[in-house]
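S.K.: So the protein sequences, as listed, match chains A and B. With my numbering applied, the first sequence covers 1 to 224. With my numbering applied, the second sequence covers 225 to 1017.
These aren't lab readings, by the way, just hints derived from the structure by calculation. There may be inaccurate statements among the hints.
[Unchecked claim] Derived, one-sided and incomplete: chain A residues facing chain B with beta-carbon distance under 7 Å:
| # | residue |
| --- | --- |
| 1 | 31 |
| 2 | 36 |
| 3 | 63 |
| 4 | 64 |
| 5 | 89 |
| 6 | 91 |
| 7 | 108 |
| 8 | 114 |
| 9 | 119 |
| 10 | 128 |
| 11 | 166 |
| 12 | 167 |
| 13 | 170 |
| 14 | 173 |
| 15 | 177 |
| 16 | 179 |
[Claimed, not checked] Among chain A residues calculated to face chain B with C-beta under 10 Å, some are:
| # | residue |
| --- | --- |
| 17 | 84 |
| 18 | 121 |
| 19 | 125 |
| 20 | 126 |
| 21 | 142 |
| 22 | 143 |
Glycine included, each C-beta is placed from N, C-alpha and C at the ideal position.
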Amino acid sequence: MTFKVLVVFVLSVLVTFCFSQESKPVYNVEQSFDGGKIWSKRGSLNSVGLNRRLTYIPDGPWQIPSDAYTTTGNSLYQIRFASVEGNQSPIMTSVSFCDVIRSQLHELFTLHIDQTTHKLTSVDYIVTVGHSTSPFINRTCSVPDQLRKGNTKQQVRITIPSPVQGDKVSFVGVKTPDQKKKEEEQQNEPGFFRKYWYFIVPGVLMLLVSSFTAPEEGGQAAAQ
Amino acid sequence: MKYSLILFCTFVCVVNAIYQRDAGKNDWSKEFIGDIKHAAFGCDKKDLLVGSDNVIANINLRTGKITWRRVFESKEVIRRFEYATATCNLITLTNTLRVWDKNGLLIWDDNNVVDAALTEEGVVEVKKEFVRVRSITGKPIYNHTSSEEFTGILKGSPLTLSTKQSAVLVTSSGISKASSVNVEEGHKIVQGELVTATNQGYYAKLNPIDETKSRVVVHSNENKIEEFNINATQATLAFIRPYTSVDNKQQFNILVKHDDQLSLYNRSGLIWSRDEGLSQIKGLTFVELPTQTQAIQGNAIVSFEARLEKQLETLISLARSTVDGLVSLVKNGLKSDYVHRELNVGRDEFGFSKIMLITTSKSVYAVHTNGQVLWKKTFHSIFKTSDLSDVKLIVTNSPQQHDEKPVTPEFVLVAQRGNQALVATGNGLIGDITNLETIDFKLKDSFGVPVENGNNVLVLVSSDNQVIIRHGTHNTLTKQVYFYVHDKPTNSLQGYTIINSTPVPIWTVQFHHPIQSFAHHATKLNKHVYTNTIQHDETELSKYLNPNTFSVALEAPTSSSSDSNVEIYLIDSITGTTIYHTLYESSSGPINMLLEDNLLLITYMYNKPKRYQLSAIELYSNQIPSHAVNVKRTSFILPSAVRTISSTRTTLGITSKLYLLALTNGQVLSVNQKTIDTRRPRGVAPNPNQAEEGLLMYNPYIPLISQSLLTYNKTVHEVSRIDTSPSYLESTCHVVVSGLDMFYIRTAPSKQFDLLNDDFSFSLLVISTVALLVATFVVKWMAAKRELVRLWK
Chain A
1 MTFKVLVVFV LSVLVTFCFS QESKPVYNVE QSFDGGKIWS KRGSLNSVGL NRRLTYIPDG
61 PWQIPSDAYT TTGNSLYQIR FASVEGNQSP IMTSVSFCDV IRSQLHELFT LHIDQTTHKL
121 TSVDYIVTVG HSTSPFINRT CSVPDQLRKG NTKQQVRITI PSPVQGDKVS FVGVKTPDQK
181 KKEEEQQNEP GFFRKYWYFI VPGVLMLLVS SFTAPEEGGQ AAAQ
Chain B
225 MKYSLILFCT FVCVVNAIYQ RDAGKNDWSK EFIGDIKHAA FGCDKKDLLV GSDNVIANIN
285 LRTGKITWRR VFESKEVIRR FEYATATCNL ITLTNTLRVW DKNGLLIWDD NNVVDAALTE
345 EGVVEVKKEF VRVRSITGKP IYNHTSSEEF TGILKGSPLT LSTKQSAVLV TSSGISKASS
405 VNVEEGHKIV QGELVTATNQ GYYAKLNPID ETKSRVVVHS NENKIEEFNI NATQATLAFI
465 RPYTSVDNKQ QFNILVKHDD QLSLYNRSGL IWSRDEGLSQ IKGLTFVELP TQTQAIQGNA
525 IVSFEARLEK QLETLISLAR STVDGLVSLV KNGLKSDYVH RELNVGRDEF GFSKIMLITT
585 SKSVYAVHTN GQVLWKKTFH SIFKTSDLSD VKLIVTNSPQ QHDEKPVTPE FVLVAQRGNQ
645 ALVATGNGLI GDITNLETID FKLKDSFGVP VENGNNVLVL VSSDNQVIIR HGTHNTLTKQ
705 VYFYVHDKPT NSLQGYTIIN STPVPIWTVQ FHHPIQSFAH HATKLNKHVY TNTIQHDETE
765 LSKYLNPNTF SVALEAPTSS SSDSNVEIYL IDSITGTTIY HTLYESSSGP INMLLEDNLL
825 LITYMYNKPK RYQLSAIELY SNQIPSHAVN VKRTSFILPS AVRTISSTRT TLGITSKLYL
885 LALTNGQVLS VNQKTIDTRR PRGVAPNPNQ AEEGLLMYNP YIPLISQSLL TYNKTVHEVS
945 RIDTSPSYLE STCHVVVSGL DMFYIRTAPS KQFDLLNDDF SFSLLVISTV ALLVATFVVK
1005 WMAAKRELVR LWK
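Required output: the full structure, derived from the provided sequences and hints.
M.R.: As structure tokens, then:
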């Protein structure tokens, strides 16, 4: 009995582990070197784990088609994310191809995801070359042999920022009319002495009078 | 006490009012009724009652001016408009039935009325469950309930109502089934002719003769009794009223609505005409007037002679104006020494005279900043068709402040008719169309690309990705052109660049909720924007100034369907990068945005406490070069909902900025830059350094101070846009507020520090100077004489 319980427990843990590691493609990542005429698949964005973390899985080494680009400039490198389920239009972005070459495939995808529908809204594609990348600037560069042969490892980072919470109105330091009235009343409130002087002054006078008269009676008694 | 003082200072600092004597001097306003759909001649001979979708008004039949006007909420649409000539009462039905007297005073009203009518018995009021007949004063006469739901009135006499299943006859004794119903038609276009009829047996037909005239033929019981021409075509509404003139002759008034105009004619011609087109402004562009002088080209002697000639003319005009001033001084005394500037259409030295090119749904206008309509052209007369999509106006040639020779302003109108794009080029001064081109392609987008000298090259993009350039060539476009298109069906934005005359898509943003609002930078960033803000602790904040950004606002429902969030995206239009993305929880529209320099202003409603808020987001560049920006934010509570938002603009950007909020009560509130500064300290009073910088302590409320209302005691109903333009003077800005009405004002956010007052007495100055000169010589002579006498002694 104990053994059966143990087996069931181990099996359930294994199933959970396997399920949690199951990677399901959500978006196909496609690339184009010719301004969007021909698209080829480069990898996919997979949802991994119970928390549906998005991870980029390449389809293989990154290769440039032989007829796409040689040593001329003025070219765009375009990436698009197409939903596997086909329930939305592809999301596209572009950078200058020369910048991709210079970065040696150090890429950063910033994915903006809608909070309600959990669908992709836009992608910011940045290649780390140390300066801002406009998608089309007249540059020339040559493609290294390593890239042509597909011997360069893709280093893709993905960030999924959440929207910044909007600023709220602050009432710190702002007093309501009731608070202001109370503060004014407190400021205008007279001190303890001013409030009860008609008790204190006669009391003090009486004390003084009694202190003066008390020794005289003692003196008179002593004289007697 | 300390906080009260600071609060008082806040209010004092932001007050910006005009004097009573200045009211009407630098501003004007026009009131409109809108697209007139209903009309009735009043029982009084000088009354004409008209109604548009949500406005009713009484027009003086002799002058065409509005006597009184009532504006309903914009969501109300008038379904019934009936006038009782016997009692001089008007009833209007939206979702509320209202009964008015002849002076526009409301006698009584009732809500949730399905239909209503004026009958001999009184006012019939139909609700879903019952029908009630009341007198004009509102006193119930009788009412009946029914098991079937009433849906409307079919006929007024006998009173016949429709229910969900049948028609019923209603009398004072009860409800019975109606056997057959003849439904009357109102005024309609019958077989191409506009026909209007009265219940006295007269009817008139309007037949177009040519493009500008129509023939009116009046009949009485099938006999033609009168015919005459009127200057109106494309009439859509007409009414005829017979009357007997002073000399006992039968006369007719014909009221005709054509295009945007309402005109009254009789046999002798046009009596008056009202143009209502400016109540539906779609686009407005300020254009400079051409300079009236021309720089002389030639050798030094020629230009010297020309300069002398010009200076002599200036001296003569100065002498003339001084004499005029002296004469008025003698006549009127010192108090009213006041020189009125002549109304003219030419450019003036301060840039107060400009033209506004305005497009409406049917026409294009040129309106001078003094309120005068210079010219008007209907799209029908330009394009020879009414079947047009949204017409866009782009200014391609614009005079500049320092032109050496007169430059005529030119504009282009772009429209889509079926599968053809129509491009009309026109002269901005006189409105003549100089060229009309028809291009066989389906237009996806059209825009102007700014080039040198402030001109624009027209770029047309077709749906099959062709690009056509007009008023320039590809070579004129020295920089790469980027643009984006909003695809409404898919709710996405697609960015393009033009490579080898072909638009190439470069980025896509797909939104999953409808876009509520857009905000763009003005056409050109003010070149004098000061890029750095120096703080009290001597650190510098570098403003993030990117003229290619635009902002998008969405209203996204939350998991609980009754609530929603407002999402704001700030996107770079070249790369499609999302620069900033923020979310306001439990918020909803109406959302208005303004993007100015590095500041984004957003107005929205915060659902929980049901209040309207304004959020300010200022963007600063990060020290570390990256796409991230340093953001400072703050939020305020508004006194009421806002319809639109804009800001003043000046030539050099030195003058304080005023942010203009169009409130739903028809007023425009001006808010100072310091009020919405994101660096205002919260919870504590500003320290001496912050106070020196001019920072005020944060207060969550934006006060509604009557002196800060730009429209002072005027009301502009249903404001849809506020347009601003700088003048040549740094202190002054043109502001136009338009909606159902139109309001123009020249405002000076920091007071007119570079202009003398209008009541400055030049003649007194001249007299004082001359008197001092004379006194100097006289005293000099007297002093010399005394000295001589002294020496002789």
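S.K.: Regarding the hint that residue 179 of chain A lies at the interface with chain B, is the smallest CB-CB distance below 7 Å?
M.R.: Constraint on residue 179 of chain A not satisfied, violated at 11 Å.
S.K.: Go through the hint on residue 128 of chain A and say holds or violated, using the shortest Cβ distance to chain B against 7 Å.
M.R.: violated (10 Å)
S.K.: Does residue 126 of chain A pass the interface check with chain B, least Cβ-Cβ distance below 10 Å?
M.R.: holds (7 Å)
S.K.: Holds or violated: residue 91 of chain A as interface residue toward chain B, Cβ cutoff 7 Å?
M.R.: Since the shortest Cβ distance to chain B is 5 Å, the answer is holds.
S.K.: Would the hint on residue 121 of chain A stand, with a C-beta cut-off of 10 Å toward chain B?
M.R.: This interface hint holds because 6 Å falls under the 10 Å limit.
S.K.: Would you check whether residue 84 of chain A satisfies its interface hint, that is, whether its CB is within less than 10 Å of any CB in chain B?
M.R.: This hint is violated: residue 84 of chain A lies away from chain B, its Cβ roughly 15 Å from the closest one there, beyond 10 Å.
S.K.: Tell me if the interface restraint on residue 177 of chain A is satisfied: Cβ within less than 7 Å of some Cβ in chain B.
M.R.: This interface hint is violated because 12 Å lies over the 7 Å limit.
S.K.: Taking 7 Å as the limit, does the beta-carbon of residue 36 of chain A come near enough to a beta-carbon in chain B?
M.R.: For residue 36 of chain A, the interface hint holds, since the closest Cβ of chain B sits about 6 Å away, which is under 7 Å.
S.K.: Grab the minimum C-beta distance from residue 31 of chain A to chain B and call the hint holds if it beats 7 Å, violated otherwise.
M.R.: For residue 31 of chain A, the interface hint is violated, since the closest Cβ of chain B sits about 14 Å away, which is over 7 Å.
S.K.: Does residue 173 of chain A pass the interface check with chain B, least Cβ-Cβ distance below 7 Å?
M.R.: holds (4 Å)
S.K.: Once the shortest beta carbon distance from residue 89 of chain A to chain B is found, is it less than 7 Å?
M.R.: holds (6 Å)
S.K.: A closest beta-carbon separation below 7 Å is what the hint needs, so does residue 108 of chain A meet it against chain B?
M.R.: violated (10 Å)
Violated hints, in rising order: 1, 3, 4, 7, 10, 15, 16, 17, 21 and 22; the structure is consistent with all others.
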